[in-house]
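In the order they appear, the protein sequences are chains A and B. Numbering that gives the first Met the number 0 applies: residue 0 is where the first sequence begins, and numbers increase by one. Numbering that gives the first Met the number 0 applies: residue 0 is where the second sequence begins, and numbers increase by one.
Please keep in mind that the hints were generated in silico from the structure rather than gathered at the bench. Glycine included, C-beta positions come from ideal geometry on N, C-alpha and C. Errors might be hidden in some of the hints.
Just some of the chain B residues that point at chain A, by a computed CB distance under 8 angstroms [claimed, not checked]:
#, residue
1, GLY51
2, SER55
3, ALA59
4, GLY75
5, ASP104
6, ILE343
7, ARG347
8, LEU349
9, GLY388
10, SER397
11, SER415
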Amino acid sequence: MRRYAKNVSIIETDTADNPLVDRGLVAELLDGAMTAGAEFAEVFAEDVERNSVYFDDGRIETLSSTRDRGVGIRVVSDGATGFAHTADLSAKGLRSAAQAATDAARSTAGQMRAPIAFDAGGDYVSAASKPPGAVGKSAKVDLVKLADSQARSVGTAISQVSARYGDNRRRILVANSDGVFGTDDQTRTSFGVSCVAEGDTGLQTGSETVGLTVGYEIFDRYDVAEMATRAAERALTKLQARPAPSGTLPVVIGPGSGGVLFHEACGHGLEADLVRKGASAFAGKVGELVASPLVTLIDDGTMNDEWGRYNIDDEGNPARCNVLIEDGVLVDYMWDGLRSRDAGRASSGNGRRESYRCLPMVRMTNTYLAGGDSAPADIIAGVDHGVYVARLGGGQVNTASGDFVFGMVEAYMIENGELGAPLREGQLIGNGPSVLHNIEAIGNDFAMGPPGTCGKDGQGVPVGDGVPTLRVAELTIGGTA
Amino acid sequence: MAARGNTAVDSITAPQELLDIASEIVARARPDEQVEVACSHRQTTSVKTYDGALESLTVADSFGVGIRVLIDGREGFASAGSLDPTVIDSMLANARDNATFAEADDYAGIAEDDGVQAVEIDLWRDELGEVTNEEKINTALRLEQMVRDADTRITGVRNAGYGDSFGAFALASSSGIRAATRATSSSVSVSALAPDGDKTQTGYAYDGARQPGDLDLQKVADRAVRHTVDMIGATKPKSGKIRLLLDQHVAATILGLIASTLSGDRVIKGRSPYVDRVDETIGAEILTFADDPTDPASLGADSHDGEGLACRRNALVTNGVLRGFIHDSYTGRRSGEGSTASAIRGARGLPGPGIQALCVAPGSGSFESFVDDTEVGLVVYNLAGLHSGVNPVSGDFSVGVQGRMVRDGQLAEPVSECTIASTLQRLLLDVEAIGDDLVHLPNGVSTPSVVIGGMSLSGAA
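Could you build the full structure based on these sequences and the hints that come with them?
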């Protein structure tokens, strides 16, 4: 019978500044796995503290705090990966998890190895100048209340307001049999407001969200009252919205949130794990023209303060700024440790995981389209009859076929080169490889969009994206009109 | 943790043991406090194979504890991934602290036992404990091979997978509620690849059951293969109004979305298109569905909800007429309708009302007969962008779709890169036929196939 851990000595955690796992114990676990015949072994430790305040329907609905700590141990043997994770951080718990991972990888003949010598890996501290943990809960409560009262003051048609404050501090430690030993301390803070407006045509919604890899100083940059006003105005505008058209039209995408277009249209298809399995429309196309020559696409894990930023990835490799497509030519895919080892090259720092419970995979960080030189107004003026999408919601892609969808949450008709009536929500659909060639104009007004969570194989990780204004010759709009 | 496959039955924490831990925390409630504690333990194994070999094998133990404290109508919550006593102490203190910052709400509180007798449902199968890791790996390898062998056009399998879990859950509260349960589950999935000119087509399928012996690998392989090779040569269809033919999997997805708008928290906050519409006709007369976790055949079956109340059958729509909403104890009190024992949660999250075991009443006719009777229609294989294309507040519905056209009663050309659009409200009224082919799906939905008319198909001009 497995007992719940009653007497284990957990490494002191209340100060949250001590090492997650003892360095000597990590070396012992890795040595043990390698001695048992593994090709590669890794210890990933994580400690996450989250706080959130959720205000809804005129009251504080939830104040919640969670703490999640654990270790995932990966052992690769004969190309097969064994993985075990545990929240029992005692020496006994970790040894047992390491044994399970080693067994799972079906290691065979044992062999003597030289003990692993750790390089002096990265050892990063949080860049947050105002750690959210040091800010009182009442200040956070005041922020969500302010959002509510401000949004309601925008119009009497605003029938519901919800607001969410969230912060999390994620400390990780990664060590592996290649000698990597690194730590990172990531702090993210976010705030969102969502409004419902009620009118003759039913209910409509509007929202605004910001999130950065910084501490409470995010509120020195964003004004909660302004965010609430924008969210309310969006919901009110949509009360006048008419059904979106149905069919294929030219589409202008506004700056910021349109980054999700590239995230879906080609970002996922440039992940080396999918490429290797033949599940990408971009497999075998490095060096080829895969997009309009206007397109330069970058994935940048070092981008200051952005939502998808970190110092080291979840395999201990430093984050990098990677050019994926340059002037329309495919330069490189994104790589994690496993795939780059197979290919005999360096990781691009894109190995990420949702938590210690998950194996790392190739993931995007902050993905963006570099700015062009067209004036945004000229880009719109070039359309006789089409759609302007001011804000995109989430999306999804079938990487094998390249077909992708994304939702327009704020959109307007364009008639004779001018913005017209607001549209109800609808989905846009296109094929990644063909849309990339159909990009006709790129503006000079680059902006990052709201924070996102990218889901892949059941794992969600924080990502950022951004674009300037751009025009696609045609996309299919899934309306009802 | 080693050799888990042979020992898991012995190594999962007994539900009673979790209940003892939860009860011990509840016993620390101060006289002015309501305290509710959920504890869980889960052991999972997950296998992925690729190219005829093991790619990864993951074994894991996960614990969870969630503590809810109410003081004078103020609610605080804290959770952690460990049952270690020091962690529990700090979570209890955190939940109490959080409660002091919350606002008082007359309706806030934990559930009170309402005297409904729980249906005993055994969600546990000893058989799973007999399965070795070797056999689990072989199951995934066999599925991969079945897909490869089924059709020469299949050139690869992105992943074949097998997964299972042993879970125990307990809930105790200061109102005297004590509930504990354990469950096993087992699943397989596969996605196939077939080249199609410059593109690659892919199809995914899965199955789930309480024990591996109930998994139908052949059915999974057939579906993944059909959804892959049938899509070869797919083109963008012409825009227009169209009839959709939904097999049980796709029908479950769409009806599940609609049922979620009947959740009490959406209704009390005015965020459902169905607020104030009880006893009105909201769907076609042939449409009847309920949330029924008391049906042991449903894979969403359970004896207790996430607040420890006995599960019960809740009628939602009967012959097209809206019968009511689903509530947890909070929305039940606030609406005056009482809890319908529909709280769903993990130990580490707060409870909220949700559909547990949606069950759509079967009609008459087979899926094949629906195809026969259709002049122009679309058999939907796959939906894309459900999270971005469905607004449960306004009801706007627009999602990417791929599948095969039906022409003059025959399956015809495959189509992709198109969307279907309507509103959730229209969609229910436009249900034209319901099949007699009810199945219990792994996601807890039990439904036959469904035909919906009047959809806007957007493709080529």
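Hint by hint, here is what the structure shows:
no. : hint   : result
1   : GLY51  : violated, 12 angstroms
2   : SER55  : holds, 4 angstroms
3   : ALA59  : holds, 5 angstroms
4   : GLY75  : holds, 6 angstroms
5   : ASP104 : holds, 6 angstroms
6   : ILE343 : violated, 16 angstroms
7   : ARG347 : holds, 7 angstroms
8   : LEU349 : holds, 6 angstroms
9   : GLY388 : holds, 4 angstroms
10  : SER397 : holds, 4 angstroms
11  : SER415 : holds, 6 angstroms
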